[in-house]
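Single-letter residue listing:
2 protein chains.
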Amino acid sequence: MNKYVSYIKNNSERFIAELIGLIQIKSVGIDGTHKVDMHKCAKRVAYEIKQAGLKEVKIYSTKGHPIVYAERIESSRLATILIYGHYDVQPPGTLNSWKTPAFNPIIKNNLLFGRGTADDKGQFYAHIKAIETILKLDHMLPINIKILIEGEEEIGSPNLRFFLKKHKEMLRADYIVISDTSMLDKNHPAICYGLRGIASAEIEVTGPKTDIHSGSWGGITPNPAIILAEIIAQLKKKNGKIAIPHFYDKVIKLRKKERDILSHLPISDEKLLQNVKCLGLSGEKGYTNLERLWCRPTLDVHGFVSGYIGSEAKTIIPAKAIAIMSMRLVPDQQPDEILNFLDSYVQSIAPPIVTVKIRKLHGSLSYITPFNHAALQIAKKAFEKAFGKKAVFIREGGSIPFVPMIASIFEKPCILMGLGLPDDGAHAPNEKLSLHNFYHGILAMIYLYQDLASLK
Amino acid sequence: MNKYVSYIKNNSERFIAELIGLIQIKSVGIDGTHKVDMHKCAKRVAYEIKQAGLKEVKIYSTKGHPIVYAERIESSRLATILIYGHYDVQPPGTLNSWKTPAFNPIIKNNLLFGRGTADDKGQFYAHIKAIETILKLDHMLPINIKILIEGEEEIGSPNLRFFLKKHKEMLRADYIVISDTSMLDKNHPAICYGLRGIASAEIEVTGPKTDIHSGSWGGITPNPAIILAEIIAQLKKKNGKIAIPHFYDKVIKLRKKERDILSHLPISDEKLLQNVKCLGLSGEKGYTNLERLWCRPTLDVHGFVSGYIGSEAKTIIPAKAIAIMSMRLVPDQQPDEILNFLDSYVQSIAPPIVTVKIRKLHGSLSYITPFNHAALQIAKKAFEKAFGKKAVFIREGGSIPFVPMIASIFEKPCILMGLGLPDDGAHAPNEKLSLHNFYHGILAMIYLYQDLASLK
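Protein sequences, first through last, are from chains B and E.
For the numbering used here, count along the first sequence from 1 and bump the result up by 20.
For the numbering used here, count along the second sequence from 1 and bump the result up by 20.
Simulated from the structure, these hints should not be mistaken for lab results.
Treat the hints with care, since some could be wrong.
Heads up, the list lumps identical chains together, so a pair's fine if it works in one copy or across two of them.
As the list claims (entries may be wrong) - Distance condition first, Cα-Cα at most 30 Å in a straight line; then the derived DSS-like pairs of lysine-lysine:
hint	residue 1	residue 2
1	Lys-257	Lys-229
2	Lys-206	Lys-46
3	Lys-78	Lys-119
4	Lys-410	Lys-380
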């Protein structure tokens with residue numbers, strides 16, 4: 021057993037205790053209700069980074085939630101990496117869907133359950149512990165490390181672009197390293213070479229000025245809940261394609277070579293079905309399920325609310341109906357352009373007797389990089405050495421706004437080494453992190469730092 | 021000025037103070053949260069009836085909310101009327117849509133604002149005050165009076181049928197009198213000769229077992245919010261007709277004669293538009309707006325809820341989506357049959373990869389009676405004498421489950437003498453009652469009791 025493995029093993033209980041402390045902070049950044057917790061969490065992250073041995077840690081205020089930044093430059097001869105993570109988490113959702121308390125993590129079968137365990141506290145924490153392990157044993161890093169942990173990933177990183185541009189020189193690095201994705205499955209660590217983008221919006225339909233009696237007025241009064249349902253029903257075609265004109269204009273056609281590679285990945289439709297826990301899967305005609313998830317754009321409604329829901333019918337025509345939805349984008353779709361297409365289309369299909377407002381929420385570009393890049397190949401080997409398993413290259417259906425942002429600013433490859441598993445339940449109740457992945461992930465990061473150092 | 025007018029005038033302030041006390045009781049019967057208030061309200065109604073001079077008042081328990089019943093039989097030679105009303109009210113809805121407190125009524129411009137002022141506390145209270153006025157001045161009633169005030173009208177009177185059948189002899193009457201509808205406008209008191217029925221249901225779509233990440237899983241996972249929207253969009257056709265097979269099978273064709281009469285009622289589409297406060301009206305092709313409101317069936321969604329609605333997108337595919345909806349029915353549609361048609365249709369259009377459950381809520385038959393019946397003509401004259409204005413015959417889009425129930429048990433005509441106005445906002449925020457209508461309504465009821473007495 022090498023010294024790193026021993027150190028991780030000997031300190032594993034403390035590592036988890038510290039991580040639990042971090043997860044207990046309710047850093048839900050999606051609305052203004054957890055402002056104090058966000059600051060508390062940023063401070064805690066800064067403290068943990070300092071404890072790991074990066075002495076200069078700074079918390080930057082933004083217009084939104086604070087950004088934690090630290091660095092340790094060992095030598096100008098070594099390569100420099102910028103590690104990215106985010107301490108904000110999704111709201112827990114319906115708390116009674118949780119089998120364990122969302123913010124009071126519990127370990128069961130070597131799995132750590134709690135909001136943010138996989139997305140992304142547990143994942144960026146593996147880097148902090150990799151840094152601690154190296155510094156404790158070697159007293160210096162094999163590579164120059166910069167680390168940025170933000171608090172707005174789950175809301176599309178609205179203030180990050182400004183920060184990146186303002187601090188471009190400070191952040192400059194040869195490679196960007198991010199652990200915020202998943203492995204293909206527990207037997208296949210995965211380097212992710214592509215992310216989808218996102219463009220999200222709220223659609224609000226207003227009919228009568230107030231809720232009114234559906235008996236007295238039903239038959240002549242436009243019903244916002246029905247009209248919004250009709251609008252949503254017209255966003256997708258029966259073949260699974262999105263019906264918004266010009267939506268596909270800039271979509272780059274999937275190359276046959278990539279389709280071949282994807283088709284040979286060891287993942288079955290049955291496995292995917294197990295992960296989403298549905299009666300069946302459905303999607304765009306003409307594509308495999310993996311292609312639909314990773315390489316094709318899609319559209320989902322995240323929330324819909326109108327009128328009254330109780331145990332009985334409150335017989336009203338509701339004044340308003342609101343839906344929040346987003347489209348996942350692929351190269352070269354542009355979020356702003358897509359939101360304009362949505363706006364024009366929805367307004368064109370909306371009946372003139374109601375008011376329809378589209379509020380644009382957030383947008384993020386998609387990202388793709390060639391996986392034959394030497395840095396990605398090194399990452400693959402680091403994974404294989406640490407996990408003792410064959411690693412694969414995958415794409416991801418989710419979006420990490422930081423990735424296309426930083427890639428466009430520095431034109432540097434991003435190394436996406438996710439420690440999650442597809443059934444971790446990111447954004448869902450009972451989110452979890454495999455502690456096996458966490459420990460082996462720390463080791464993988466140590467190997468990555470070491471092997472990447474000379475690739476400058 | 022006759023003695024009744026003087027008495028009403030001299031006691032008007034006290035009448036309103038008592039009515040306000042009744043409205044202050046939050047008798048929202050729609051869910052279990054106001055059980056204590058429901059009992060309190062039933063007791064208060066019983067007390068008021070007793071104070072008015074009907075000495076035998078009884079509160080009957082039911083499986084749901086209690087029923088208040090009283091009677092005063094003067095002579096077997098006189099006709100007997102059964103007055104019906106309901107003390108339960110709609111939930112207030114969004115309280116910040118109210119300009120005055122929903123349960124703390126305030127008078128402005130001779131209008132009394134508060135939940136239940138028009139629907140139905142203020143209206144049945146006019147009868148109680150008519151009884152008081154007669155008994156104070158004449159010491160006996162001109163007609164035998166039975167009065168039943170229930171607490172479950174807003175949830176479809178689920179326990180009333182059992183009560184009516186059990187107490188059939190006690191309740192037997194020559195005519196049923198109900199004030200729970202509206203006048204055509206403030207210049208036209210109206211006798212209502214038809215009500216729509218109702219059949220309501222909840223539709224629940226379940227996709228993934230829990231909310232899941234829309235990035236990681238969007239593209240292959242059925243989205244319950246979208247699927248429910250698609251189902252709802254398929255319930256109505258573009259021409260405003262309901263798309264459920266067999267829905268119209270039992271609808272009796274509107275006679276040309278009735279269409280002619282309705283087309284001559286002094287109400288314009290502009291007036292209707294003012295009442296619903298929309299940008300425009302829409303409805304079933306081939307019918308006028310009044311026909312769409314009163315004589316044709318319709319379908320409305322009352323509530324829709326799925327996933328997350330906040331200031332930002334929580335990027336999930338929600339596990340569930342729920343809508344509550346109802347159909348307003350006309351003769352001879354049967355609620356149970358209609359709910360079965362809905363169920364079959366929705367299941368037939370639902371994709372097999374989600375679970376769709378239809379929960380049948382409540383149903384009530386429609387009602388229609390010939391308006392040339394002598395009792396209805398007497399009611400019209402009572403209105404004209406009291407208000408000094410020409411009264412008209414109308415139908416109503418709403419449903420009063422008691423009416424078809426009692427009509428089918430006794431085969432007696434129901435006299436629907438509404439004191440509301442179309443813009444009273446029943447079921448909406450800022451519900452109100454015109455005190456002018458309330459005072460003149462008391463007088464109209466006195467004339468009705470007197471003139472109906474000999475029609476046996």
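Results of checking the hints against the structure:
In this assembly of identical chains, Lys-257 and Lys-229 lie within 30 Å of each other by CA distance solely across copies; the values are 25 Å between and 32 Å within a copy. Taking identical chains as interchangeable, the C-alpha atoms of Lys-206 and Lys-46 lie at most 30 Å apart only when both belong to the same chain, with a minimum of 28 Å there against 57 Å between chains. Taking CA atoms no more than 30 Å apart as the test, Lys-78 paired with Lys-119 passes in neither setting, with 37 Å inside one copy and 50 Å between copies. In this assembly of identical chains, the alpha carbons of Lys-410 and Lys-380 never lie at most 30 Å apart, being 42 Å within a copy and 54 Å across copies at closest.
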